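Given the structure of chain A, go ahead and fit chain B onto it with the hints provided.
Number of protein chains: 2
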Amino acid sequence: MKIIEQAKAPNPRRVRIFLAEKGITVPSEEIDILKREHRSTAFTAQNPLQQVPVLVLDDGTAISESVAICRYFEEQQPEPALFGKGAMGRVNVEMWQRRMEFGLLYRVAQCFRHSHPAMAGIEEPQVKEWGDANRPRVIEVLSWLDTELAGCRYIAGGEYTIADITALVAVDFMKPARIERPGGLENLQRWYEDVASRPSAKA
Amino acid sequence: MKIIEQAKAPNPRRVRIFLAEKGITVPSEEIDILKREHRSTAFTAQNPLQQVPVLVLDDGTAISESVAICRYFEEQQPEPALFGKGAMGRVNVEMWQRRMEFGLLYRVAQCFRHSHPAMAGIEEPQVKEWGDANRPRVIEVLSWLDTELAGCRYIAGGEYTIADITALVAVDFMKPARIERPGGLENLQRWYEDVASRPSAKA
Numbered sequence: 032m033k034i035i036e037q038a039k040a041p042n043p044r045r046v047r048i049f050l051a052e053k054g055i056t057v058p059s060e061e062i063d064i065l066k067r068e069h070r071s072t073a074f075t076a077q078n079p080l081q082q083v084p085v086l087v088l089d090d091g092t093a094i095s096e097s098v099a100i101c102r103y104f105e106e107q108q109p110e111p112a113l114f115g116k117g118a119m120g121r122v123n124v125e126m127w128q129r130r131m132e133f134g135l136l137y138r139v140a141q142c143f144r145h146s147h148p149a150m151a152g153i154e155e156p157q158v159k160e161w162g163d164a165n166r167p168r169v170i171e172v173l174s175w176l177d178t179e180l181a182g183c184r185y186i187a188g189g190e191y192t193i194a195d196i197t198a199l200v201a202v203d204f205m206k207p208a209r210i211e212r213p214g215g216l217e218n219l220q221r222w223y224e225d226v227a228s229r230p231s232a233k234a
Numbered sequence: 032m033k034i035i036e037q038a039k040a041p042n043p044r045r046v047r048i049f050l051a052e053k054g055i056t057v058p059s060e061e062i063d064i065l066k067r068e069h070r071s072t073a074f075t076a077q078n079p080l081q082q083v084p085v086l087v088l089d090d091g092t093a094i095s096e097s098v099a100i101c102r103y104f105e106e107q108q109p110e111p112a113l114f115g116k117g118a119m120g121r122v123n124v125e126m127w128q129r130r131m132e133f134g135l136l137y138r139v140a141q142c143f144r145h146s147h148p149a150m151a152g153i154e155e156p157q158v159k160e161w162g163d164a165n166r167p168r169v170i171e172v173l174s175w176l177d178t179e180l181a182g183c184r185y186i187a188g189g190e191y192t193i194a195d196i197t198a199l200v201a202v203d204f205m206k207p208a209r210i211e212r213p214g215g216l217e218n219l220q221r222w223y224e225d226v227a228s229r230p231s232a233k234a
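Protein chains in written order, with this note's numbering: chain A, 32 to 234; chain B, 32 to 234.
Pulled out of the complex, with its shape left as it was, chain A reads as follows (with noise of 0.2 Å):
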């Protein structure tokens, strides 16, 4: 079993601090996007998507998609449930986890993708406008995503899921992609302290 990934990448550091939260190691491999190596027929044979992360299993099946990665490893070891508990405990992840995926990290991905100057050439066309278009609604979703915060310790509520995962990567994925974090917003603040200064976070 292996992953193939590329570290500084958003999508393969979900599947990293996923896997720390449940104590697996999983070795890795790494490909340089920037140097095309997603391109390559190689690789393009694990993931016609050429998307990183994929998960190789030992009789050789290839799974990509961050999510269903994680959902591999959630069905191997279902504990932590980093899916949620019960049907409603599961019901309510996936919300909160799409609701983190399509509102936060995709955006702040396409404003990297579009306005970052090392992704020219990758991403074709680069479209400035719409990597702008995505700064402002990032920083509407964390303001919203502070209010929500207020009553709940994690993302989802009481419990660390795979909501907090996908948070916690794009808020720090805010940096390459040049989107200055507010201040003031203090139950997200504190939030944040709370996820970065687990052991898997450094994953």
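Some hints here could point you the wrong way.
Since the list can't tell identical chains apart, any single copy or any two copies may satisfy a pair.
[Claimed, not checked] In silico DMTMM-like links for lysine to aspartate or glutamate, alpha-carbon gap of 25 Å or less:
| hint | residue 1 | residue 2 |
| --- | --- | --- |
| 1 | K116 | E61 |
| 2 | K116 | D89 |
| 3 | K39 | D225 |
| 4 | K233 | D63 |
Calculated from the structure, these hints are not laboratory results. Because the structure is a prediction, the values reported are computed rather than measured.
Just chain B now, kept in the frame of chain A:
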């Protein structure tokens, strides 16, 4: 229990098809996005992200995000299993559902939102260049999907799943998004006729 939705929007249709496949009937209530009813105080209280659909349970719990709503019904009534059967089945469906969502539905929707005149003033700013950039990507993904469908009846393999629902809704939404379906993709066409002829497709 009720679902707040807009009949013509793609995400509410995903939930309607899912429910039709399960044989579950849920009353629905329509809001008009063009009249900005999704920005009303009442609707924002149900979903702060102002998106349809929202499932409101009898105890007042509001569940948003289409896939979270589908998961609620999968948890309530597991058969037929639309999120996959067994651990590896569920992982495989998660991967394919996300490929269809990010690779296809999201791109068709971006094209619609950023190039359709009716969305000017709803999608602010409307970035025409970004809308147009998604058009060739959609065609690329469909061409790849055609090769994948050479070996299997449905998107995720031998069984009809939520991945087929997402893909069908995406393909049908190409019409309002003004993306012409490429000719010659015979496996895709065979799959489309198969899933579009199911009674659930009329939902």
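(message) Of the numbered hints stated earlier in the document, which are not met by this structure?
(response) 1
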